[in-house]
Amino acid sequence: MTIRRRFIPYWLLAPGALWLLLFFVIPMGFMAEQALESGSLFTGGFTFSWEWSNFPDSLSGNSEQIVRSFYYAGAATLLALLISYPLAYAIAQQSGRWRLLLLFAVIAPFFTTYLIRTIAWKTILYDSGPVVGVFQTLHLIPQDGRLLATSTAVIAGLTYNFLPFMILPIYASIERLDLRLIEAAKDLYASSTQAFLRVTLPMTAPGIVAGVLLTFIPAFGDYVNATILGGTHQAMIGNKIQSLFLVERNYPEAAALSFLMMALILVMVVVYIRVAGTEAFMGEEEEAKT
Amino acid sequence: MRNSSEQSHVRGWPGPLVAVAILVAALTLAACGDNGGSGGGSEAPVAKGGKPTGEVTISNWPGYIDPGANGTVAEFEKAYGLDVKYIEDINDNLQFFGKLQPLLASGNSGGRSLFVVTDWLAKQMFDLGYLERLNHADLKTVFNNISPQLRNDPADPGRQFSIPWQGGLTGIWVITSSEGNQIHSMRDLFDPKYKGKVDLLTEMRDTVPLVMQMQGADPKNFTKADWEKAIDFLKKETDNGQIRRYTGNEYTEDLTSGNIVAALGWSGDASLIGRKDVEWRSPTEGCDTFFDQMVIPVGAPNTAAAYAFMNFAYRPEVQADIADFVNYVTPVAGVKPILEKKDPAVANNPLVFPPPSLLAPCSADPNPPGSAEDQQAITEKFQDLITG
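Chains as they are written, first to last, in numbering that gives the first Met the number 0: chain U, 0 to 289; chain P, 0 to 387.
It should be emphasised that the hints constitute simulated quantities derived from the structure, not laboratory data.
Nothing here was measured: the structure is a model prediction, and the numbers come from that model.
There's no promise every hint is true.
Reference listing, derived: stretches of chain P covered by chain U, where coverage requires no fewer than 3 residues with Cβ under 8 Å from a Cβ of chain U [unchecked claim]:
| id | segment |
| --- | --- |
| 1 | 255 to 265 |
| 2 | 356 to 364 |
| 3 | 376 to 387 |
Keeping only pairs whose Cα atoms sit at most 27 Å apart, straight-line, the calculated DSSO-like set for lysine-lysine is [unchecked claim]:
| id | chain 1 | residue 1 | chain 2 | residue 2 |
| --- | --- | --- | --- | --- |
| 4 | P | LYS194 | P | LYS380 |
| 5 | P | LYS77 | U | LYS121 |
| 6 | P | LYS77 | P | LYS340 |
| 7 | P | LYS77 | P | LYS98 |
| 8 | P | LYS234 | U | LYS121 |
| 9 | P | LYS275 | P | LYS194 |
| 10 | P | LYS192 | U | LYS121 |
| 11 | P | LYS219 | P | LYS192 |
| 12 | U | LYS121 | P | LYS194 |
| 13 | P | LYS77 | P | LYS380 |
| 14 | P | LYS275 | P | LYS192 |
| 15 | P | LYS380 | P | LYS228 |
| 16 | U | LYS121 | P | LYS340 |
| 17 | P | LYS194 | P | LYS228 |
| 18 | P | LYS98 | P | LYS341 |
No residue lacks a Cβ here, since even glycine has one placed at the ideal position from N, Cα and C.
Bound conformation, chain U alone (with noise of 0.2 Å):
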């Protein structure tokens, strides 16, 4: 073999590599060379020396704020997932022009920014109006209860906003289901439930995998729910890390708890994939193979 031909993966590779090395990588080394600076900006600017403690005093000094967060974008992955998953079967289940209209519907609403869908939510769950009327009828919320600057409406928006992260992946693997394995089940005397179980359920485990990190993962960082639909006690950690970069202006903090929260999600997603198993992960080859 030539040299030439040795090097064209890494030719066609260089593009990809460059982009990820000019935004990804070099900013990332900015960050680290911030986590570690000690100072502050009214008192002579920041200096680079070393300051390891960064990253336990930032992780002590937000623990609040990270717990919240694994419990709010948790809690919307699993709403996401209780909501999708039945929404996802049901459209897989239709014939082409239905699909295509009902998949539309799903996306449609997302060609509005994400801002303004947030804002949207605030018209919708204000204190007069009908949904926390039908919430106080039926004895939901107290009242004199509200829905707006509530954990509640902090989830919900979390929710809603990445629903279609959820749906379309799982979609995806629901449509690619052979239905043939699902009559051989039958055959088999398996009933309805327990051909969903034992069936459907581990062969469409790829999409699942993908919706619920393509959703949690974006969820743990967001800042915009919290500040549109959240009070007083529901500030996230990317609430946090904005406050400390924006207000208190103190850099080295909000740098050191970026990185651990990278680190975190990190970890996190490595156990989950474990946990699921690779082969979930990746399903396709599982399924060339039968």
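Fit chain P to the given chain U structure using the hints.
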């Protein structure tokens, strides 16, 4: 077909080595980055005057000018033949500062020739070297017409870097048709019967001094202990759900939709609130005054146009239009007689032309006492409070 040794040869060597090389390169590049602020204020460059032409970008708070087709911005464009980009992107002093700080630290103004920030932030920015000094010779109209009591400013002796835009009072907005109508003092705001129906401001220098005055501290001499006691009180009230939200300008939305019955707010914001049954009240324990200042950032393009805007705004007839629309306290003398003929309701509005009796119990928004570290500590304590 490749054999396995050639395959592993291609795959094996670059990976980890390249990754380490990239990381080292990144860290080296990053370490060359500029981080601190530039020199202090007195070495700041003087903004150049001259004939204003071309484009100019101005940043301001919302609701501070009539931006319409017949408004002040349009008049200014016509008067000088300029193309003005007027952006209302300032919602909170510190957030705006946070956005601009990296640019200003490297001498870049982000395209803006002029912006309006509250007096205490203007001073901090000047001390950090982010503002240009003003040449009084280019501001003749301003200094001919400025109110005598604003000619000098303890935070800006000799008016080196700031020209007042509008001033105002921080107090309590109530919805008169609700139970909030009974609120007249800061103590009333914290009455449990309004639990969850009250907003406070994220602006620390507005919210905390009002609470300190409620707790009986001396407005001429707030101590560090006073600040901490007030913030502890606010933490208690926030934790038990008395406060619905801490807001910038967004309290006006909560008032409009009736989500709250009262909010700490700024006296001239009536135009931002979409209902008529609201009233601004000065808390009985004392209110807070502030003056927002026009400043020119370092690296500002077209500073001649910035000077022109300052002079234009200080013409009494233009200031009358601004006061009519904005309903805040004007820094220009001789505006009241013009408004008495044009719009007597505004001329007699005590929030626009406050009588001494209204201003007497008010104090100017203070910085926390002590060194920069002390101020930072108080800022962090307050931020911990409002970011739950």
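Structure-based check of all given hints:
1. By the rule of at least three residues with a Cβ nearer than 8 Å to a Cβ of chain U, the coverage given for the segment 255 to 265 of chain P holds, with 3 such residues.
2. With 0 residues bearing a CB less than 8 Å from a CB of chain U, the segment 356 to 364 of chain P misses the requirement of three and the coverage assertion fails.
3. Closer than 8 Å: that is the beta-carbon criterion, and the segment 376 to 387 of chain P has 6 residues meeting it against chain U, so the requirement of 3 holds.
4. A threshold of 27 Å between alpha carbons decides the hint, and for P/LYS194 with P/LYS380 the separation of about 23 Å falls inside it, so the pair holds.
5. For the given pair, P/LYS77 sits about 40 Å from U/LYS121 by alpha-carbon distance, which is inconsistent with the 27 Å threshold.
6. The hinted pair formed by P/LYS77 and P/LYS340 meets the criterion: a straight-line CA distance of about 25 Å does not exceed 27 Å.
7. A threshold of 27 Å between alpha carbons decides the hint, and for P/LYS77 with P/LYS98 the separation of about 31 Å lies outside it, so the pair is violated.
8. Of the supplied pair hints, the one linking P/LYS234 and U/LYS121 holds, its CA atoms being roughly 26 Å apart against a limit of 27 Å.
9. At most 27 Å may separate the alpha-carbon atoms for a hinted pair to count; P/LYS275 and P/LYS194 meet this at roughly 24 Å.
10. With a C-alpha separation of about 24 Å, the suggested pairing of P/LYS192 with U/LYS121 holds against the 27 Å cut-off.
11. Distance check on the hinted pair: P/LYS219 and P/LYS192 sit about 32 Å apart at the alpha-carbon level, beyond 27 Å; violated.
12. For the hint linking U/LYS121 to P/LYS194, the alpha-carbon distance of about 20 Å falls within 27 Å, and the restraint holds.
13. Straight-line distance between C-alpha atoms of P/LYS77 and P/LYS380 comes to about 48 Å, which puts the hinted pair past the 27 Å bound.
14. Restraint check for P/LYS275 and P/LYS192: the C-alpha separation of about 24 Å stays at or below 27 Å, so the hint holds.
15. For a cut-off of 27 Å, the pair hint linking P/LYS380 to P/LYS228 stands: about 11 Å separates their Cα positions.
16. Distance restraint check for U/LYS121 and P/LYS340: the Cα-Cα separation of roughly 42 Å exceeds the 27 Å cut-off, and the hinted pair is therefore not satisfied.
17. With a CA separation close to 21 Å, the supplied pair P/LYS194 and P/LYS228 stays within the 27 Å bound.
18. At roughly 40 Å between alpha-carbon atoms, P/LYS98 and P/LYS341 are farther apart than 27 Å, so this suggested pair is violated.
Checked against the numbered hints listed earlier, the structure breaks hints 2, 5, 7, 11, 13, 16 and 18; every other hint is satisfied.
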